[in-house]
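Build the full structure now, drawing on both the sequences and the hints.
There are 4 protein chains.
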Amino acid sequence: MDTHEHVAGAGGTSRIILGPNQYGKAEVRLVKVTRDTARHHLEDLSITSQLHGDFAAAHTEGNNAHVVATDTQKNTIYAFARDGVGSPEAFLLRLAEHFTSSFDWVTGGRWAAEQYFWNRINGHDHAFSKDKSEVRTAVLLVDGGRQHLVAGISGLTVLKTTGSEFHGFPRDRYTTLAETTDRILATDVTAKWRYAGTGVPDFNAVYASVRAELLDAFANTHSLALQQSMFQMGRAVLEAHPEIAEVRLSLPNNHHFPVDLEPFGLDNPGEVFFAADRPYGLIEAAVLREDSAAADPVWNTIAGFC
Amino acid sequence: MDTHEHVAGAGGTSRIILGPNQYGKAEVRLVKVTRDTARHHLEDLSITSQLHGDFAAAHTEGNNAHVVATDTQKNTIYAFARDGVGSPEAFLLRLAEHFTSSFDWVTGGRWAAEQYFWNRINGHDHAFSKDKSEVRTAVLLVDGGRQHLVAGISGLTVLKTTGSEFHGFPRDRYTTLAETTDRILATDVTAKWRYAGTGVPDFNAVYASVRAELLDAFANTHSLALQQSMFQMGRAVLEAHPEIAEVRLSLPNNHHFPVDLEPFGLDNPGEVFFAADRPYGLIEAAVLREDSAAADPVWNTIAGFC
Amino acid sequence: MDTHEHVAGAGGTSRIILGPNQYGKAEVRLVKVTRDTARHHLEDLSITSQLHGDFAAAHTEGNNAHVVATDTQKNTIYAFARDGVGSPEAFLLRLAEHFTSSFDWVTGGRWAAEQYFWNRINGHDHAFSKDKSEVRTAVLLVDGGRQHLVAGISGLTVLKTTGSEFHGFPRDRYTTLAETTDRILATDVTAKWRYAGTGVPDFNAVYASVRAELLDAFANTHSLALQQSMFQMGRAVLEAHPEIAEVRLSLPNNHHFPVDLEPFGLDNPGEVFFAADRPYGLIEAAVLREDSAAADPVWNTIAGFC
Amino acid sequence: MDTHEHVAGAGGTSRIILGPNQYGKAEVRLVKVTRDTARHHLEDLSITSQLHGDFAAAHTEGNNAHVVATDTQKNTIYAFARDGVGSPEAFLLRLAEHFTSSFDWVTGGRWAAEQYFWNRINGHDHAFSKDKSEVRTAVLLVDGGRQHLVAGISGLTVLKTTGSEFHGFPRDRYTTLAETTDRILATDVTAKWRYAGTGVPDFNAVYASVRAELLDAFANTHSLALQQSMFQMGRAVLEAHPEIAEVRLSLPNNHHFPVDLEPFGLDNPGEVFFAADRPYGLIEAAVLREDSAAADPVWNTIAGFC
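Protein sequence lines, in the order shown, are assigned to chains E, D, H and F.
When we follow the working numbering, the leftmost residue of the first sequence carries the number 1, and every step to the right adds one.
When we follow the working numbering, the leftmost residue of the second sequence carries the number 307, and every step to the right adds one.
When we follow the working numbering, the leftmost residue of the third sequence carries the number 613, and every step to the right adds one.
When we follow the working numbering, the leftmost residue of the fourth sequence carries the number 919, and every step to the right adds one.
Since the hints were derived computationally from the structure, they do not count as laboratory data.
The reader is advised that the hints may include incorrect statements.
[Unchecked claim] Mimicking EDC-like on lysine to aspartate or glutamate, the simulated pairs with C-alpha atoms at most 16 Å apart in a straight line are:
no., chain 1, residue 1, chain 2, residue 2
1, D, Lys338, D, Asp389
2, E, Lys32, D, Asp573
3, D, Lys338, E, Asp260
4, F, Lys1050, H, Asp743
5, H, Lys644, F, Asp1178
6, H, Lys744, H, Glu726
7, D, Lys438, E, Glu290
8, E, Lys132, D, Asp494
9, E, Lys32, E, Glu43
Here's what the structure looks like:
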């Protein structure tokens, strides 16, 4: 099979070839009820499965002999859910094992999940209300025989009404911003943490702990810059979790501008704010262990953050 | 001032006139921090102000002598917030009183608010995380000297894993749905309740109570139809709150279809579901007191629901 | 059947009753291909069907004997589409006729459609690209034996870079806005027009014409207020279309603020603008024929605009 | 300055360090009117500026001496726009040159733009309607003294009513999908193309041409797999544009399922379809010149697609 095409002309004689590729089924909405007792348990996820491997003939010839149908990938997700989900990470590991072991030409893939949370209504056995305050995420990339497992949280919106300053920044001809020693600091936390390995006994417990660490560090850091809060958040996670090698954070600075009430004969001592939509600051960084910095080139070379 | 235009031709000689109209500023994002002690309080709202009255000249001649600028309406909202918000309903009543008493030609208006909720992070004095599970709403319509006050909740997503049946419905040539005695029942609650009057001592307490009544009724009604759950939800609110004259509910039926696992040699005793996006059922009704049914023709004649 | 419940206590002895209600299936995504020749035709809609009638027993007792399943309503939509759609209005009229004539207890209903547009790719016979610049809408309300038919357009975003002024507005203690004789005027047009009757020969032709009238009136009105542009837009539609009794418009004022470049030593003669998200102005009005003002109380009493 | 922190305990004694980071202002909404003649021109963009360099002290100490404020970045964007935008790519190159040359510690950055399109209303000099059918994108990454420039298109939704087959795929125990020789093929095109260098005379002309090539290839490829259409789309771009080194495509397979009308006594010869929301197929690949495959490791190692 030849995936290459000779091209003459302006572009020279270099061949046009197929580069990296992946395909599958996205956002498979799975709700799993565990009802072995009268006290039901509920798991709610959106799962994406994409395969890597030798799919060149589909691209260049429309030959589907290797194309495990995306519908088949969807069916597999539902069938595997019959045995339970457990955690997004564990479920993705099961899917990856299945696809890479079942088809010779599937050498890896990318599996991802979002999980949504529900609370019992007054402790009810089978009635729940959805907790929309955050989404739990997980991505498993299998490449060259290695598993790269990243868990995350997204959309966790937090705000401090004080304990945030911003001053000492350089001023050039385009600088008009005033310095401040007291401002609102607000952000939507998107965090992703890379596990050093996949042998984590309880992914759900780690998730709950990381979430708590992020919230605590945000709340309790007296902030001279959102960058400082961010670094403390990442460090807190790493200090509490030796199984995590790296944390990446993407934090918008959701600006809250104090409204000038002077034209109306009123003061405004940090009480009345306009919450702006756009533009917003966007602060992103990786926090990692020094000895893991070079350990996972696939993830370290990802230029995008979250 | 003549708002009418004579039109000849196909449409006859009837004049084209200005009908009902309103204008103002929408979605004014207001964050109010109350910081008289070290324990800060946070109120987060989106407020819309629209005026009714004699604005015909602006429409027909571009004469703005009566047009209280939408920017002025925005400024007024922020200036009034300096004294605190208290509750969406109380704040809208203040705004309405101001605009209708300050400008002779303003005879009424429509004021609306959304309120967003925040929880303290571990009881922190000034750090909060946003609770996105619902939005609180309020609308105040002032028309003909009367105040029509409606409060509401939207986006409260709930689900029961059992305790829901659906059977006994008529079958015609287009009916293929199977009957069921056990299904997932899930919806996003949008409710609006009309107050009999505006003299409610504590709107926030009523909100919390109505929310609890809605959740309890949903959870504890063994449901033979989403209509039945809905009516019980509305009735529970009215029974608990004599100050409320009517409740309107708009409930999508968020379908969760059991996945057929038989092709894979598996059973599926109500455990694995596909959560569908569209289409969805849409069930809407008003529940009200018999003696208030004719009491508020403005609201009773609203054809739309929520 | 008794839809009433006696309630004692705080609310007095008034009974709690079921008020107006409707139910059905929402957002049925229908794509119809007409392929009787090699030149295919494509219709793409989202259709909602809701029934009115005697459904009290479902609410009060969970008795579904009258509940035409929402799944059946969906099936009916797809089955009827086999004969073609034609226009949203014509299709909704067919659905309404079917449901009100097939079930004794169905006295009316609300049927609604959105239509999405596609253009041929270079005139291709069967390849299309989606035109997302607007959505066509239609609502048919059948109530008390009368048909109320409203067509519309939504999301049509327009902008003028000049030819818009705003001055002469009243100034109070909360007014800070400067007057201007040259500003950007931008809005997203949502318009709904009520047909005097349903006997319109070609709804598609009317839609195209109304769209053109709205665009022309917006473009060619030198605007002293968005209200003035709006009224001219409505009037243009009524003058061109005797079969239309009323137009309702809901127009956000999408603010474009000139950026102050003076701190950077630059002028800004109406060239560089910040396009704000929120808040925005919101200008709404009905424009109608004088002799039709009282002709349709159901629609005239709708307080909401679009 | 020490960005490292010694950590003892479970995680070992490895230090926790700051990894890759970037920060700036996101989604600066810029509208530029060029009005040197009565025929105005309109450019509408959302621009993001993020800096790379030595910002460690902000993270570890809250020292902002190097932190060019995000507000300053926003001001710079507006000030530069006074001289015109031209094209997203050219504008990003100007911004990058400014920031990397003005501050010693700024070694690179990521600049991104979205551009929105407007059409003249009937050729009007200063009235426009927005064309929402697609968004133009551009990203400029400056890293290690090299410029990596990627342009793109997103949200371009296309559909073929025939000329698409899917069969010959492998069947395992989870496969239930039927083969088909005639189906609807629909997708939302997200494409990104990497320029071999930044010396492109007319980025706008290339954009228009690439868009046309993508549409033509989609329309005119008889498709045995969406992968095949995708590869032809990428190849067409590369064949027409020697200045482009690589194209990455991310194409959802927007499923349109034929509705089974047999229960209603009707056939359905490819005429009536349900357009599903989720799940959807997701097909992604890079198409590139063989001699450029290893030329840009920064971009080639990006695991994510679009």
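If you draw a straight line from the CA of Lys438/D to the CA of Glu290/E, is it 16 Å or shorter?
violated (37 Å)
Against the 16 Å threshold, does the CA-CA distance of Lys32/E and Asp573/D hold or violate the hint?
holds (14 Å)
Pair hint outcome, Lys1050/F versus Asp743/H [Cα-Cα no greater than 16 Å]:
holds (7 Å)
So if I understand the rule, the pair passes when the alpha-carbon distance is 16 Å or less; does Lys32/E with Glu43/E pass?
holds (5 Å)
Lys132/E and Asp494/D were given as a pair; does the straight-line alpha-carbon distance stay at or below 16 Å?
holds (12 Å)
Hint consistency between Lys338/D and Asp260/E [alpha-carbon to alpha-carbon, up to 16 Å]:
holds (14 Å)
Please work out if Lys744/H and Glu726/H have their alpha carbons no farther apart than 16 Å.
holds (12 Å)
For the pair we were handed, Lys644/H and Asp1178/F, check the Cα-Cα distance against 16 Å.
holds (14 Å)
Taking only the CA atoms, is the gap from Lys338/D to Asp389/D under or equal to 16 Å?
Holds. Lys338/D to Asp389/D sits at ~10 Å (cutoff 16 Å).
Against the hints set out earlier in the document, a violation occurs for number 7 only.
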